[in-house]
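Chemist: Residue strings, one per chain:
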Amino acid sequence: MSLINTKLEKDNIYIIELNNPKKRNPLSLELIKSLQNEFDDIKKNKQIKVVIIQSTGPSFSAGHDLTEVRKSAKSKIKLLNLFKTCSKMMLSIRYLPQPVIACVDGIAAAAGCQLVASCDLAFASKNSYFQTPGVNIGLFCSTPMVAISRKISSKDMMYMLLSGEKISALEAEKIKLINKVFLKKALKKEVINIASKITKKSNQSIKIGKLAFYNQLDMSIEKAYEYTSQVMTKNMGFNDAKEGIEAFIEKRSPNWKN
Amino acid sequence: MSLINTKLEKDNIYIIELNNPKKRNPLSLELIKSLQNEFDDIKKNKQIKVVIIQSTGPSFSAGHDLTEVRKSAKSKIKLLNLFKTCSKMMLSIRYLPQPVIACVDGIAAAAGCQLVASCDLAFASKNSYFQTPGVNIGLFCSTPMVAISRKISSKDMMYMLLSGEKISALEAEKIKLINKVFLKKALKKEVINIASKITKKSNQSIKIGKLAFYNQLDMSIEKAYEYTSQVMTKNMGFNDAKEGIEAFIEKRSPNWKN
Amino acid sequence: MSLINTKLEKDNIYIIELNNPKKRNPLSLELIKSLQNEFDDIKKNKQIKVVIIQSTGPSFSAGHDLTEVRKSAKSKIKLLNLFKTCSKMMLSIRYLPQPVIACVDGIAAAAGCQLVASCDLAFASKNSYFQTPGVNIGLFCSTPMVAISRKISSKDMMYMLLSGEKISALEAEKIKLINKVFLKKALKKEVINIASKITKKSNQSIKIGKLAFYNQLDMSIEKAYEYTSQVMTKNMGFNDAKEGIEAFIEKRSPNWKN
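Sequence lines, in order, name chains A, B and C. Just so you know, my numbering puts 1213 at position 220 of the first sequence, and the rest follows in order with no gaps. Just so you know, my numbering puts 1091 at position 98 of the second sequence, and the rest follows in order with no gaps. Just so you know, my numbering puts 1073 at position 80 of the third sequence, and the rest follows in order with no gaps.
Since the hints were derived computationally from the structure, they do not count as laboratory data. All figures in this text were calculated on a predicted structure; none of them were measured in a lab. Among the hints, a few may not be true.
Because identical chains share one entry, a pair is satisfied inside a single copy or across any pair of copies.
[What the hints assert, rightly or not] Straight line, CA to CA, 25 Å or less: simulated BS3-like cross-link-like pairs of lysine-lysine: (1) Lys-1190 x Lys-1235; (2) Lys-1250 x Lys-1227; (3) Lys-1200 x Lys-1067; (4) Lys-1250 x Lys-1067.
Turn these sequences into a full structure, and let the hints steer you where they fit.
Modeler: Structure follows, in structure tokens:
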């Protein structure tokens, strides 16, 4: 049995479903590599417009596979490799040209919470919860906090890290870890709707824009403006921009060719 | 007819009113240059204490002038010049010694939304809305996101960028794009009141402090402390600081000389 | 009489109580140095697990001692030394291996507000308020804003700095300057409870994790992942991690040896 299911939905929405419910979808090296392979393929796939990461079963992901971590602990090289491979996979989401949406139903803890933070958008069912419980097992959530602390305020992050407590989906929405909470029974449909709306936009411009977004975030504001002025100029050379502006001026719907 | 009206109000509050209501105050090269000229003059003007940017008519600003952008599209140099000139103008607000307040009544979209984000403070009427709709016309809001992403969380920013949807003034307040929402009929008076209160403060210290604020934001915390320790020391050499502290200790109102 | 009281509470919680109520606990050079000495000692003390900073009397801290600032104003070297000594003390909280919690009951203004922002967690009574009132006395809160602007959004920070107005504890919770508001009569007990819970976690992992948290914040995301992957690997070599994971797999409570 595979650790993930994938399918291409209508509107070229690609769904990755974590599928190891009994173990609560741990981010084992095998799962990390499967996700990395997916992202490497998606990157080259011009058909896919939006990616959704969801799960079967009652959990989203409980984080690293602790049995595996314990086994790897004998070799520093193995351990370091595990964390680096995981970090690289998380960064692949950031640098994927397509938007990636986390659709969370159940627990998202440690590296599972990092996965949510790493996605461009995140939605969750009301019964979901989020947690960085490393302090409970003597292994501080140091790699997860890299992604999470870039989305939420330091005081909220510190509370999660030091208390190790669960926070509810509603609280996660309030602190901006996720975009919005839906009822459990509505979640998947709502997320598909949002994804579907995005597929109707100019995906050519989304691809250049998403990359530019994360690139400019780490720059000084002056450099960020210099860089994005170049990006806007390049973007204007695209067919979509010409068609989109044409359509706007002519008060009609654009007819994307990409 | 000029694209902007300006007037010096009581308490040395300077009002810039965008005045091209039929076209929804597009940030054409001409308007950008007019604003740049204003900011260049205000910078040297020691009388002006606070600047308010507002608009006539039902819109604040709908962003770049798409007819102009389409025309410029034939020349990459022209286009790049447009975006760079606009970025420079936005940065001028940041580096203006006087506080700049956006007073938004109506739509603030794309570069219009960037203008709001670039101001030090922003207030809006309840019926206003905010939007980065570039994905709808194939031209991702890459330069606007530079200013906006430095004020709001990444998840909220991404939703605005990818969906292209309008967000309400109340939502904009919640995500910290603006400071506060007022009823439409109260907006201008409330903003004047806030501006007026600021003019009563030590404007000498505001000038050195505002500049220091943005400068320190991009530094490591250690460098930021080293830099602002110098700024505080310099500030203490000002007449206002001497008078202000004197007045505080003597339990009387300060009598600013600047 | 000493400017601070200290005591080691149950669960190895160390309490520093600002104790100059008549003067509203001003951060005079003497108090700053006392706090610095405390932090230098705590850093080397392996018994102390969590630090709480609170106050006697009706104020938390009103900021620098203005009488002293005025006296120092004659010598630029003295002034610069005051601000640098204060900044260093604030940074010591950040780099202290133990979590530091601000327990605020009353006013926290200027450098007093900076002290709250510098702590890892902060809780306040409902009647507390927060303020950066420098503009009222001609001395912009330039060093306080270094800490505060790294916790709250720029628009909120600018409003505090330019208006000099008090914000309520509930507002401070909303803008993420503090974690949570409690009723005045419940505050100290609630904060002790939170601190106590943290002492039950793996303090060995908290020590490595807290340091890593602030270090990674200023890095690019790529460097942050490289760095924290090393930190996680090192953390896995600790007794606590071995015991914690062991306990988790065996479904029992961990038995920390540190």
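Chemist: Next, verify each hint and record whether it holds.
Modeler: Hints versus structure:
no.: 1; hint: Lys-1190 x Lys-1235; result: within (21 Å within a copy, 47 Å between copies)
no.: 2; hint: Lys-1250 x Lys-1227; result: within (17 Å within a copy, 52 Å between copies)
no.: 3; hint: Lys-1200 x Lys-1067; result: between (42 Å within a copy, 23 Å between copies)
no.: 4; hint: Lys-1250 x Lys-1067; result: between (54 Å within a copy, 20 Å between copies)
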